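*Asks:* What follows is each chain in one-letter form.
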Amino acid sequence: MSVIYLLLSISILVAIIFFVAFISAVKSGQYDDSYTPSIRMLFEDELKKEPNTTDNNKQ
Amino acid sequence: MSDLCFHCGLDCEKEAVFFDDKNFCCNGCKTVYEIFSENDLTSYYDLEKSPGTTPNLIAGKYDFLNNQEIVESLLEFNDDSIQIVNLYIPTIHCSSCIWVLENLHRLHPNVKNAQVDFPKKTIRVTFTSQDFSLKNLVLILASIGYEPKINLENKNTEKGNVDRSIFYKLGIAGFAFGNIMFLSFPEYFEVSEFWLDHYKPFFRWIMFAFSLPVVFYAASDYFIAAYKGLTSKILNIDVPIALGIAVLFIRSCYEIISGTGQGFFDSLSGLVFFLLIGKFFQQKTYSYLSFERSYKSYFPIGVTVLKENNQEESIQVQDVKKGDRILIRNEEIIPVDSILIKGNAYIDYSFVTGESEIVKKVSGDKIFAGGKQTRNVIEIEAVNTVSQSYLTQLWSNEAFKKESAKNFKNVTDQISKYFTVVILLIAFLSLFYWLWRDASQAIYVFTAILIIACPCALALSAPFTLGNLLRIFGKKGFYLKDGNVIEKIAKIDTVIFDKTGTITTPKKNAIIYEGVSLNPAEEKLLKSTLRGSNHPLSRQLYSILKSNDILTLDEFQEISGKGLLARIKDQKIKIGSSNFVTNKQHKEVDKTSVYISTNDSYKGRYVFYNKYRKGVSKLFSKLSKKYELVILSGDNTSEKENLRKLLPRNTKLLFNQQPVDKLLYIKHHQQEGAKIVMIGDGLNDAGALKQSDVGIAVSENVNIFSPACDAILDANKITEIDKYFKACKNAMLTIKASFILSFVYNIIGLSFAVTGHLSPVVAAILMPLSSISIVVFTTLSTNYFSRKLK
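These protein sequence lines are chains A and B, in that order.
Counting in this note's numbering, the first sequence runs from 23 upward without gaps.
Counting in this note's numbering, the second sequence runs from 79 upward without gaps.
Be aware that one or more of the hints could be misleading.
As the list claims (entries may be wrong) - Derived EDC-like pairs (lysine to aspartate or glutamate); straight-line CA-CA distance at most 20 Å:
1. B/K801 with B/D571
2. B/K127 with A/D54
3. A/K49 with B/D571
4. B/K198 with A/D54
Hint data in this document are derived by calculation from the structure and do not stem from the laboratory.
No experiment lies behind these values; they were computed from the predicted model shown.
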């Protein structure tokens with residue numbers, strides 16, 4: 023019967039967890055620069071590819 | 079295509095360097111390529127085509143970084159072994175830049191980590207200071223074409239104090255709004271179901287809990303602003319907003335405590351959320367541009383001072399004393415008014431006056447601060463301190479002290495004055511009416527009016543219109559400091575232009591030959607002679623003459639301050655000033671010209687005219703229909719006739735204006751009631767830009783430099799400025815139209831409130847509906863009327 027209290031508190035707790043995650047993300051500076059990371063994540067592939075191609079050349 | 083430089087993409091012309099199957103325009107570019115290929119960094123060229131910048135490193139330029147005090151003030155973090163520095167690099171422009179700079183550790187093992195902030199064009203480097211220093215780091219960056227800009231303004235600024243409160247507030251309001259909305263749905267639909275009725279109070283108290291941070295934290299700015307407004311006796315827009323929020327909260331609390339209703343928590347948090355979005359939208363500006371620059375961002379941070387025993391020492395620029403001997407290298411800025419002691423100075427005053435012609439000075443001449451030495455090393459003696467120099471004194475003028483933003487009342491505040499009075503009047507009239515008719519309903523109606531009249535839509539009109547236009551302008555190359563500038567532009571009646579660098583192009587002069595035409599042999603001789611001279615006018619003339627074979631001269635002589643003398647076989651040529659070439663003073667002395675005579679007979683002269691930007695004449699005739707036009711020039715009157723022909727007759731032309739004269743001219747006319755926009759470049763306009771109602775700085779490269787102003791305009795867009803002005807006026811019309819729209823919503827809402835029928839669900843529908851429709855309307859209409867902007 024009083025399960026609704028439990029359900030509501032759980033759902034609000036989950037919501038608050040996400041809210042705290044958002045606040046800490048802002049605090050750590052994730053929203054200060056919203057452009058560079060979008061470019062940066064494309065570089066990782068570039069870096070790994072390069073040694074491979076040079077290896078191929080050697081073989 | 080193939081003869082474009084592989085590194086920087088410029089045309090290689092004749093001096094191409096061929097290396098590793100690739101073309102390079104110069105050795106500098108080749109060296110950068112070599113550095114990258116040695117360190118396995120050639121992916122740089124895969125990401126973008128020809129991404130590089132030619133390195134332009136001058137030996138000794140960063141010697142001031144040997145001074146520990148300066149280094150200390152630049153570092154963001156300094157442990158014994160680890161140091162962190164944030165550097166501004168204007169040449170960052172593409173993804174290749176980000177890639178190579180973040181792989182800086184491959185160039186030097188001491189670099190531990192590097193992170194680029196692209197919008198701000200900064201790089202944050204962590205490095206170990208063992209056998210390594212900031213100077214080494216800067217030199218590495220400069221050697222690959224990413225020279226950081228270090229100046230007085232960098233010092234001790236922005237050390238981690240970023241204001242992120244708007245994000246928090248927005249997050250809280252949005253979070254509460256969403257949750258409260260779901261919790262209030264059951265009651266909105268009036269489902270009478272046993273369990274729902276049973277848990278009603280529980281739901282209501284959760285909503286109350288959610289609304290607390292919204293009212294006391296997220297909305298706190300509105301209460302503060304309203305309080306400030308009231309104490310200075312201004313009824314700004316925040317007064318009815320704060321009143322609305324307070325009444326919403328109090329009445330909702332009363333309702334849930336007394337158990338008479340569910341309250342308006344949903345509308346309350348929604349209202350705050352929408353208002354904050356509007357605020358956020360308007361707050362977003364151009365992080366990489368600075369509108370508050372003074373001479374400090376332009377002057378070097380350290381200079382090399384010569385001690386008595388000719389020992390060089392780097393000191394901070396503000397420590398320069400009268401009588402100090404300073405060493406100025408190529409491309410360095412003269413930091414103080416001084417006297418030239420040793421060497422020949424070729425000073426480029428283009429940042430100060432906009433005039434590109436290089437001025438030659440000989441020892442004993444006075445040199446003003448702000449010029450840039452362009453060739454060899456010179457020695458100067460300071461006659462003033464930095465802040466008391468001729469140019470920098472301008473910044474102690476009172477125009478730089480007053481805060482102009484405070485005196486400005488924007489359109490929303492102007493209208494809110496009447497709005498607030500009318501709303502209060504309606505609220506009290508209906509209060510008395512209901513007291514007389516049905517006292518139990520009176521307070522209910524009274525609060526309902528204050529709630530529904532809360533000017534959410536009204537408050538959103540201006541931020542969204544101006545914010546959107548700001549964004550559109552930014553894409554086109556016209557960067558405004560904030561939305562208020564648009565309102566100010568819409569009101570102006572006078573447009574003042576600076577001449578040099580603003581309506582003229584900075585680099586190119588129009589050179590016209592007057593006199594007897596030269597035969598091919600004479601032309602060859604002229605070109606060959608000019609080749610040997612380093613005089614700025616000779617260089618310019620040389621570059622426009624068609625390339626012919628260069629002949630070897632049998633005799634060549636350069637007479638300083640007069641001209642050139644040369645001979646091939648029996649052909650002689652004289653090039654230079656009029657009394658050197660023709661032995662008599664020419665009448666029109668104020669025109670810059672070079673005279674030519676061959677074999678002692680006068681042939682003619684090359685006259686150097688300013689070259690005006692394309693479309694200037696058309697722009698002026700368009701502007702003259704609506705605005706009063708003035709040209710304030712620091713130059714002499716030599717261009718007067720030319721300008722008269724070019725510009726509409728009612729344009730006022732004023733020459734020989736000192737920086738302070740320009741400021742005073744504007745001040746004088748403002749006192750007569752004129753609303754003035756000043757369009758200028760250079761530091762000499764800085765005072766005028768600040769004093770005017772709207773100061774627009776014209777800049778060839780918006781990233782490099784512009785004095786303090788309200789707006790920065792890309793120099794190529796200057797002929798479009800009438801369209802920008804028009805767009806600003808249209809924006810004000812849009813705001814007024816959306817005011818009317820929001821009044822309509824208010825009248826609908828009031829009709830519910832006055833008759834006592836305002837239920838929470840009506841408020842919950844009306845509030846977001848009005849806000850969203852205002853946002854849609856303003857965005858669509860600003861996009862519509864700015865579609866023609868180039």
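*Asks:* Evaluate each hint against the coordinates.
*Replies:* Going through the hints against the structure:
no. : hint               : verdict
1   : B/K801 with B/D571 : holds, 15 Å
2   : B/K127 with A/D54  : violated, 29 Å
3   : A/K49 with B/D571  : violated, 46 Å
4   : B/K198 with A/D54  : holds, 10 Å
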